[in-house]
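Student: The task is simple: from the sequences and hints, build the whole structure.
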Amino acid sequence: MRLTRRELGRLAMTAIPASGVLSAGRPAAQPGKPNSKFAGVQVGLNVPYNFGGRDMNWQELLDRCLKLNVNALELRSQPVESFLGSPAANGRKATPEEMRTWRASVPVERAAEFRSKYESAGVMIEIVKYDGIYNMADEEVDYCFHLAKTLGARAISCEIDLKHTQRIGRFADKHQLMVGFHGHADTTPAHWETAFAQAKFSGANVDLGHFVAGNNTSPLPFIKQHHARITHVHVKDRKMKEGPNVPFGQGDTPIKEALQLIRDNKWPIQATIEFEYPVPDGSDRMAELAKTIEYCRQALLS
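In our numbering, the protein residues as written are 87 to 388.
FYI, nobody ran anything at the bench for these hints, they're computed from the structure. Incorrect hints may appear among the rest.
[To be verified] 25 Å max Cα-Cα, derived DSS-like pairs, lysine-lysine:
(1) K119 / K153
(2) K342 / K352
(3) K342 / K310
[What the hints assert, rightly or not] Label pairs and their calculated CB-CB ranges:
(4) P330 / K260: 39 to 47 Å
(5) A223 / P193: 32 to 40 Å
(6) A207 / T303: 27 to 35 Å
(7) E279 / R196: 20 to 28 Å
(8) Q336 / Q145: 28 to 36 Å
(9) K153 / Q336: 20 to 28 Å
(10) R196 / G218: 18 to 26 Å
(11) G139 / A373: 16 to 24 Å
(12) K179 / T274: 34 to 42 Å
(13) H232 / A207: 22 to 30 Å
Glycine residues also receive a C-beta, built at the ideal position from the N, C-alpha and C atoms.
Tutor: Structure, rendered in structure tokens:
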């Protein structure tokens, strides 16, 4: 899909208008609340990664999401753990042992307060992303799933590493909560299919741009075949043959076709924007993120 510069720039720093479509399993957006669900497809953000880091104060993070009129997230665990008093909060360094001890003692139920702040503002935490989960002890992995459930998430996500996916899959089955294994350019369909065979609740976080760049083909056949195991897709645009990240519509990634495939089949797959292309001169991340949301909106409403 090729949108004009005028079309892409219309909402550079403004809120995206609500689509008025009901969210499957979620209440309709209330007047004055954010709504980034278009034609039945939930568009979300990977945060705070999209804002340039992995940790951010909960209020600033929420404010940015509201400014972009986004109502669903893939949220990294760091802002939640900072809210709960993590020894790694506010940029402090904490050893794995310190984090393990803290996670064993913190009441996970306190995360309900974090959830309440977001849901009261109309923002749902659908997926919780964990960095470094493969280095965690079993008790910490249990904690990760409990924390995600407390936040109201329907899945967790982490990187894919076949040396460890079977172990994480066992915890996913235990908690009956999906884990979406995130793929990069070196991830092939066979990697995910191996993980699928290891556990019932093992799934895929298909990165559309990375798939195209690394596999030199469209991800649509894989999505069609395995849609029931896909927790969410990362929306970005890259060129084939390990090509760079580029503004939406300038690469080889079939963003429009993927979004419309999800729309037409009514699959409950979040389309999670992951912002990775260089910010153009004279612009900033918030302006560019607004453009990516508008690109998805127009693709879904066309």
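Student: All hints are to be evaluated individually against the structure, with a verdict given for each.
Tutor: Hints, one by one, checked against the model:
1. K119 / K153: Cα-Cα ~11 Å, so holds.
2. K342 / K352: holds (15 Å)
3. K342 / K310: OK: K342 and K310 at ~15 Å, within 25 Å.
4. P330 / K260: 39 to 47 Å: holds (40 Å)
5. A223 / P193: 32 to 40 Å: violated (19 Å)
6. A207 / T303: 27 to 35 Å: Because 40 Å falls outside the window, the suggested range is violated.
7. E279 / R196: 20 to 28 Å: violated (38 Å)
8. Q336 / Q145: 28 to 36 Å: holds (34 Å)
9. K153 / Q336: 20 to 28 Å: For Q336 against K153, whose Cβ atoms are near 25 Å apart, the range 20 to 28 Å holds.
10. R196 / G218: 18 to 26 Å: holds (22 Å)
11. G139 / A373: 16 to 24 Å: Taking Cβ atoms as reference, G139 and A373 lie about 18 Å apart, which means the hint holds.
12. K179 / T274: 34 to 42 Å: With Cβ atoms ~36 Å apart, the hint holds.
13. H232 / A207: 22 to 30 Å: holds (24 Å)
The structure fails to meet hints 5, 6 and 7 from the earlier list, while all remaining hints are met.
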